[in-house]
Amino acid sequence: MAKYLVIVESPAKVKTIKKFLGANYEVMASQGHVRDLPKSQLGFDPEHDYEPKYITIRGKGDLLASLRKEVKKADKIYLATDPDREGEAISWHLYYALKLESKKVYRITFNEITKNAVKESLKNAREIDMNLVDAQQARRMLDRMVGYRISPLLWVKIKRGLSAGRVQSVALRIICDREDEINAFIPEEYWSLDVNLKVKGEKKPICAKYYGTTEKKQGITSKEQADSIMDSLNGAKFEVKEVRHGERVKKAPLPFTTSTLQQEASKVLNFSTQKTMRLAQQLYEGVDIKGEGTVGLITYLRTDSTRVSEEAETQAAEFIDVHYGEKYKTAAATEKKNSQKIQDAHEAIRPTDLNRMPIAIKEQLPRDLFRLYQLIWKRFVASRMSAAQYDTTSVKIQAKDQIFTLAASRMRFDGFMSVYTQEDDKEEENVLGGNLDENSVLEFQSFDPKQHFTQPPAHYTEASLVRAMEELGIGRPSTYAPTITTILARRYIAKENRNLYVTELGEVVNNMMKEAFPSIVDVNFTANMEALLDGVEEGTVKWKTIVSNFYPDLDEAVKKAEKDLAEVTIADEESDEVCELCGRRMVIKYGPHGRFLACPGFPECRNTKPYFEKIGVACPKCGKDIVMKKTKKGRKYYGCIDNPECDFMVWQKPSGEKCPRCGKLLLEKGNKLVCMDEQCGYVKNKPTEEK
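Residue numbers for the sequence shown, in my numbering: -17 to 673.
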């Protein structure tokens, strides 16, 4: 009979941990949270010190009953939920749900599911850390306050079952702000000017880029300026004025955190943040490997630390020495790190055993699981290797008073890049043949002028949104993926070719949030709130202080919005479309995909059709109406109502004015009107509306 009971979160871990601990241990799973705030009400009492009311989650009764049975038999109970504040809170809830006050109860955590880590955790058993629990309680209650007080208001205001969230509403705002920047962006023309020169005694010509005059660096803003420079150098002698030789090192990347793993998996493997976390969870909890049984392949996946344990450092140094050689080891790996006694809870994400090489277990893993494991394995090995080294050459070439430059680099030692290269590592090497020096004779061959336009900021992708949220201090490793998943599921944003676009619905919700709850969607306010929650975790801030300071302001804002926005109740707006089935005037309604036309005679007449908003501008191709449309994913654009017969479409809203230069339509971009023909480049200020 088992003397000890170990309770973990996930059933996937049970078999593996039981195998490590043997017959005296019973291992069971809580299957996540067992208690939570009730769904039917706010779940805390502002009148009585914001005390939360927890209830057993529906469907968990039988599970708790079977856990209580095992608790009665056990001499000691080990709560082994995940090593983060969410896991700590689950242990605390289990303590009360299972009535463990009279039992010997210990909290244990392990960063990886390996025999050593699990056995070591039993030696370092501790009490439940109430700072971590309180940080989770505060986060949960703040999220509940925002969700439960603002979401019903959105429902009334926008006539749909929408939702607001403390982090999701800020993430939506970040995307909307970027969309506004892109819409307001006006391209500016600039030119590049290259010169192709033949070097005496060399087969390949060289290509140098225009830098400026002998006095200063300068850009080229027009064709006339480029022509003027080329004319002034007609028949000029090109001479090498300076050759500098140097070296450059590219440092190895840091091992993965949750954020950097999500970003890299998105860029390299085209995984969504949600998919990355789901696969990483499987790799952490355990995968069946022939001859070994179920094995946890990576360390815990929710972390913002790049720390690596001494044991892992030693293993990495030995592995690199054997497989790559002494010179590939980073200098840091050969030094003893006695001064660095960091005891932070988490390590970076790394393989649990480097000798479990991806290629050796490829056949036993599904394709995507293998690709993610390989990415983590390569990144960790690379992070423990020496820097890549380059020889660099920079050349200054002069013709009259104009300067052209040429830069080249050649890899001397590949270092970590023998294992791992990122997108920006794959740079083309501009190699100079032979020895170019001040005495080299150059012969002019040709100029190569090119026109360019400045580009607007890029649309967010899941990867760049995660990076932005991390840099701004919004959300934490565990919240990035669920936040993005939620705003996609609510159809506030749409994903097309990796890019994230705001939908019409997202715009409406964001505008209302900015108007009624400016602090909730304020980036600095949200980042400050995250810092306060970290303070609770560190024991420097009381959790009820945060909650009690936050709620009265929110309550006041909701009451004010209820009063002010009540007048803006959206009635069904009549359209000029007539229902062809019953002759009634159709009305505009909101649905999951935005607006549509419906017959007001429902339920007798159930006719519906797409709603196209006319903007009062005629199509320049066929003269019919231009309407606002949406792609399948929900991104807005403007096209001819007669599509597919007429294929006119633009992303920006046409103004109805024509370009005085070329006669094409002017498009609205922020407070400017811009010609739809980029080559024309006509821009003017938007006329201000008279009030």
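Since the hints were derived computationally from the structure, they do not count as laboratory data.
Certain hints may be false.
Across the chosen pairs, the derived CB separations fall in these ranges [what the hints assert, rightly or not]:
1. Glu274 - Ser530: 49 to 57 Å
2. Asp629 - Ser530: 43 to 51 Å
3. Ser174 - Lys596: 21 to 29 Å
4. Pro348 - Gly663: 36 to 44 Å
5. Pro626 - Gly663: 53 to 61 Å
6. Lys360 - Asp504: 33 to 41 Å
7. Cys604 - Glu478: 49 to 57 Å
8. Glu420 - Asn178: 37 to 45 Å
Cβ atoms here follow ideal geometry from the backbone N, Cα and C, with glycine treated the same way.
- Item | Violations among the numbered hints | Hints 2, 3, 4, 5, 7, 8 contradicted; others consistent.
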